[in-house]
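Enquirer: The primary structure of each chain is shown beneath.
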Amino acid sequence: MSILAAHGLTVKFGGLIALDALDLELQSGEVLGLIGPNGSGKTTFFNALTGLYRPAGGRVVVNGKDITGASPQAVSAAGLARTFQRSRLCLPLSVFDNLMIGNHRNLDHGIWANLVRRGALQRQIEAGAAKARTLTAIFSAALAGRLFDPVAALPMIDRRRIEICRALIGEPRILLLDEPSAGMTHDETHELMDDLMAARERLPALSIILIEHEMKVIERVTDRCAVLNYGRKICEGAYRDVAGDERVRKAYLGED
Amino acid sequence: MPERFKSATSVLLALTAFAVFTYLFLEIEQQWEVVALAIGAIVALQIFGRSGIAARVERSAAANQRGAVTLTVISVLVVAAALHESHFALLMLATVALYVTACLGLTIQFGYAGIVNFAGAAFFGIGCYTTAVLAAHTPLPHVVVVGASGLTAALIGSALILPILRTRGHYVALITIAFSILFKTFLEVNDTLGGPQGLKVPGMALFGWSFNEPIRITENLEASFYLNYVVLAVALAALAFVLVKRLERSWIGLNFDAVRLDETAAAVFGIGVARWKILAFTLGNFLAGVAGAIYAMMIGFIAPNSFTFGDSLILVSIVILGGLGNALGVIPAALLLLVLPEKLQVIQEYRFLLYSILVILILLYRPDGLLPRRLREYFPQRGRG
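If you're matching them up, the sequences are chains A and B in order.
Per the numbering used here, the very first residue in the first sequence carries number 326; after that it's consecutive.
Per the numbering used here, the very first residue in the second sequence carries number 6; after that it's consecutive.
Derived from the structure by calculation, the hints contain no laboratory data.
Possibly wrong hints are sitting among the right ones.
Claimed, not checked - Pairwise CB distance ranges, derived in the manner of DEER restraints: (1) A/Asn388 / B/Arg280: 52 to 60 Å; (2) B/Ser215 / A/Leu440: 32 to 40 Å; (3) B/Arg280 / A/Ala346: 33 to 41 Å.
The structure presented is a predicted model; accordingly, all values stated were derived computationally and were not measured.
Ideal placement from N, C-alpha and C gives every residue a C-beta, glycine not left out.
Chain A with its partners taken away, still in its complex shape:
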């Protein structure tokens, strides 16, 4: 059963068509790789899904619910979480603060609950800390011990881990990963992906769309791939088939 389906999704910036009638389906529990040259519309697709861009046409259905043009908040409530290509963590805040931003939909935000019922709030904080510790420990034991350090004091790999944990901690149904390997070494990327797959075992229903330029990563973790070029889907299938496809080679290397 498809958990997410985009039908004819189109995004325009003035005269430029960034996404051109894209059809894409994501099955429940699947890892879908999204590849394509720079500027092919991958991140635009994520931005359109998460309510940051308003699509000019088409429909997005998540779990049977139409979320076309919905606000980012409504999209989050529908169970989508994402990471950003360029890290968007709150650097002056602690790791825990950042994770709790991701855990927003599980927390009580009432004025009375926050200002007056401090005992109940403290229990929520402790539960949140336990949850954050368990999740981060899958990625790095050292990081789990530094939950109350400012993010600004941590190295890039830890920031990437935190960003993924921030997206996972709210227990989304769909995770959108935008180039998690950017700015990391090969080994670090592999380690991160292994950890991600380990974390995924705790959320069996989680489906993932992964934007990635590192083809080894795509080959290793994805069930299926879609290739974009100039905002259009030019090819779709298992990595092996996609990688051998003539159109994909042309898109990446140009015509000869």
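Add chain B to chain A, keeping to what the hints say.
Expert: Quick look at chain B alone, frame taken from chain A:
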């Protein structure tokens, strides 16, 4: 429990130093003494902030907040009692407490939610004028008048919400600057509100207790009537402080931070950016309005000239000097910035110039202020983690 004893001692020592400084600062007259004391205070605050002492004190205070706030209130009241004969010193003390309240409102807006409000004095002024009108022309009890003044400030502030939500950063500042100038001009041309001459405000009476009578303690011992206002203003500032601290260490405070630091990321995780901006802005204006209400009754006379853009700038300077987002920093910053020009006649004329230079210097060399904001302390009793 040596650790606990040590932390209690550090809080007590910090409070004693604060009380002694406040007393001396309000009491001394010699110009060179004032300068020496102010410089000494800034140096001491720098050392206090950059060494581990401030961290220790703040953590101990957070672990037992009720105790720490009560002790602070008591120490200020002791200072007030020691100065009981001096009208001027008590007036200054109450003014500082009311400005602290207004600046705590600004801390919620600017420090937490990132809404730069350059109209703080206007919202303070709305509180003043509402009180002037309600106290003079209605039989409402003064508690209600004060509350209504805060609500009016919050309500009039809501006119700015739409433009504020549609803009970011510097543009928000421009909107509030425009409002601040508009407010003063409106008061000057409005004859019902006294025009440029302003309005008289009746003194406060709470539950049959008239605030403008001197307090007769024994036959020979009389305290200035300003002592009444000091007690009320300090109580209000303490309440506002607890409110702001509770806000900070809650999911609401975290939402404010998320909205300030990255609206897009906040929205993607479901945080209702508009909702939290509205709450922060409204709450901040309410505090400014309530502080203004008591201020108006205390000084008994208000005029548009007290609510200029320059006055708003003073509020912003206090918040920045204290350390943006640190509620504690507001207290020494307000004390320094408000009392210094009153004590040093030389700078009275040039105070806006000096404040502008000060703000530029802070932003250049100490952008975090005298007492930089600390990370949220979730488990103060246990230390970190």
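Enquirer: All hints, please: hold or fail.
Expert: Now the hints, each set against the structure:
At about 25 Å, the CB distance of A/Asn388 to B/Arg280 disagrees with the hint of 52 to 60 Å. Take B/Ser215 and A/Leu440: their Cβ atoms lie about 33 Å apart, and the range 32 to 40 Å holds. Checked against the hint of 33 to 41 Å, the C-beta distance between B/Arg280 and A/Ala346 comes to roughly 35 Å, which is consistent with it.
In this structure, only the earlier hint numbered 1 is contradicted, and the remaining ones agree with it.
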